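Assemble the whole structure, with the sequences as input and the hints as a guide.
Here are the chains, one letter per residue:
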Amino acid sequence: MNSMNITQAQYHQINSVNVSIKATIDGTVWSVPLDPNNTHYAEILKQVKEGTLTIKDAE
Amino acid sequence: MSKAAELANLIGNINAGGGGVNRNVIINGAMNVAQRGTSTTGLGANGANYSTVDRFYTYANGTAGRFTMTQDSSAPDGFANSLKLDCTTADTSIAAAEQLVLAQVIEGQNLQHLNKGTSSALPVAVSFYVKGNASATYMCALIDNDNSRMSTKQFSVTTDWTRITINVPADTTGALDDDNAGSFNLNFYLHAGSNLTGGTYTASTWGASTDANRAVGISSFFDSTDRTFFLTGVQLEVGQNATEFEHEPLERTLAKCQRYFQYLPSGAVGRWNSSTECEVGANFPSVMRATPSTSINPNDNTVNIFRMGISVNPCTVSAVDASYLSPSGGATGITVSATSSTPSSGDVALYDTNGDSEVVFLASEL
Chain A
1 MNSMNITQAQ YHQINSVNVS IKATIDGTVW SVPLDPNNTH YAEILKQVKE
51 GTLTIKDAE
Chain B
60 MSKAAELANL IGNINAGGGG VNRNVIINGA MNVAQRGTST TGLGANGANY
110 STVDRFYTYA NGTAGRFTMT QDSSAPDGFA NSLKLDCTTA DTSIAAAEQL
160 VLAQVIEGQN LQHLNKGTSS ALPVAVSFYV KGNASATYMC ALIDNDNSRM
210 STKQFSVTTD WTRITINVPA DTTGALDDDN AGSFNLNFYL HAGSNLTGGT
260 YTASTWGAST DANRAVGISS FFDSTDRTFF LTGVQLEVGQ NATEFEHEPL
310 ERTLAKCQRY FQYLPSGAVG RWNSSTECEV GANFPSVMRA TPSTSINPND
360 NTVNIFRMGI SVNPCTVSAV DASYLSPSGG ATGITVSATS STPSSGDVAL
410 YDTNGDSEVV FLASEL
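For the record, the sequence lines run as chains A and B.
All residue numbers for the first sequence refer to the working numbering, where the first residue is 1 and numbers rise by one.
All residue numbers for the second sequence refer to the working numbering, where the first residue is 60 and numbers rise by one.
Calculated from the structure, these hints are not laboratory results.
From a predicted model like this one, the values you see are computed outputs, not experimental measurements.
Be aware that one or more of the hints could be misleading.
What the hints assert, rightly or not - Simulated DEER-style distance windows between Cβ atoms:
#: 1; chain 1: A; residue 1: 54; chain 2: B; residue 2: 98; range: 32 to 42 Å
#: 2; chain 1: A; residue 1: 59; chain 2: B; residue 2: 221; range: 47 to 57 Å
#: 3; chain 1: B; residue 1: 193; chain 2: A; residue 2: 7; range: 33 to 43 Å
#: 4; chain 1: B; residue 1: 96; chain 2: A; residue 2: 42; range: 21 to 31 Å
Stated by the list, open to error - On the chain A side, residues computed to face chain B include the following (Cβ under 7 Å):
#: 5; residue: 4
#: 6; residue: 11
#: 7; residue: 31
#: 8; residue: 32
By construction, the Cβ of each residue, glycine as well, lies at the ideal position given by its N, Cα and C atoms.
Structural data, given as structure tokens:
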């Protein structure tokens, strides 16, 4: 898939462990699992590496 | 196509390593499955968007043009459906980076029989039916994402259904990864700026995937709000010639589509953790390509989540958590913002969609 428009990303924790990311991708809010084969997660990591996206810490 | 010609193509493809059943690597090429709905309006904003017909997505960048995407009943003989794009806002001032692409991505592990990148590489035949409101020229590009290579071919659209057949030569350069990532893109370029049109057009020849060569000489789908583009019968097969479209039972196509997108199935059972949150476990009807992301249908977020002893408990779903899912199922946390009763922690929860299953999205698209 071509680049996604990710406007917000924040870790979600259970028992103080990051288990997923809540992200707004192309206008839709998704819960994204930490699976490198998941296209959303792979794109989030790519954009973080490129410096265009920051994942907020869990609340 | 005459029966004699069809038989000759089939024999030729069998001799070339193709033919037979399961020869079409495109999923939902007859546009029969549309799990997300049959019509989506206002498309064209930046980014990729899976809407209506499964497995086909649109990607737009930088354009003011907008369109509606539908699963349409207009179709050539032998088909019941097509994918229709209808321009609703024109864009005749085309900036360099603009583009509109209709595409399907194909997993590398489903393409290993092409022997691409080896001395035994096989040719590929791409075929599809198209129609429009008027004559137009667009580009079909087969793109090798693993090796940044592509082969392009212009095609013409008229007001009548036309079957386009494209012969893509064998490519002995660049093997495809044997995994569940997207190795091939089948792209239909419908609108593009000079970044994609300013290069050189070479028909049906593998070469470097140069952006400027992707859409040379095409018309613009956004040149008028009269524009329409219809597509169906998409097939990509091993062989030197295109054969008749391989129809398959609907349930088989649906199962293939559910590898990439499905809804949380009714009948998931778990427990309430509080009055507003429960966890339920589910087995997906089709194992998905990867652990799915979850989201909520913006047009339908109401389900019944039963609690023990209460027959009906309509809930408005406000969040669904993907943390403990796997490609085959698992547990998901569901947060509700409104319930008709007040569940207590420990109450049994039963996710029942009451016949309306299209609430929780599970997506592992490419």
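We went through each hint and held it up to the structure:
The beta-carbon spacing between residue 54 of chain A and residue 98 of chain B, approximately 36 Å, falls within the hinted interval of 32 to 42 Å. Our hint of 47 to 57 Å for residue 59 of chain A and residue 221 of chain B holds, since their Cβ atoms are close to 56 Å apart. Roughly 37 Å separates the CB atoms of residue 193 of chain B and residue 7 of chain A, a value that falls within the hinted 33 to 43 Å. For residue 96 of chain B and residue 42 of chain A, the Cβ-Cβ distance of about 27 Å falls inside the hinted range of 21 to 31 Å, so the restraint holds.
Given the 7 Å rule on beta carbons, the hint for residue 4 of chain A holds: about 6 Å separates it from the nearest Cβ of chain B. Contact between residue 11 of chain A and chain B, as hinted, is not supported at the beta carbon level, the nearest pair being about 11 Å apart and thus beyond 7 Å. Among the interface hints, the one on residue 31 of chain A holds; its C-beta lies about 4 Å from the nearest C-beta in chain B, closer than the 7 Å criterion. The beta carbon of residue 32 of chain A comes within 5 Å of a beta carbon in chain B, closer than 7 Å, and the hint placing it at the interface holds.
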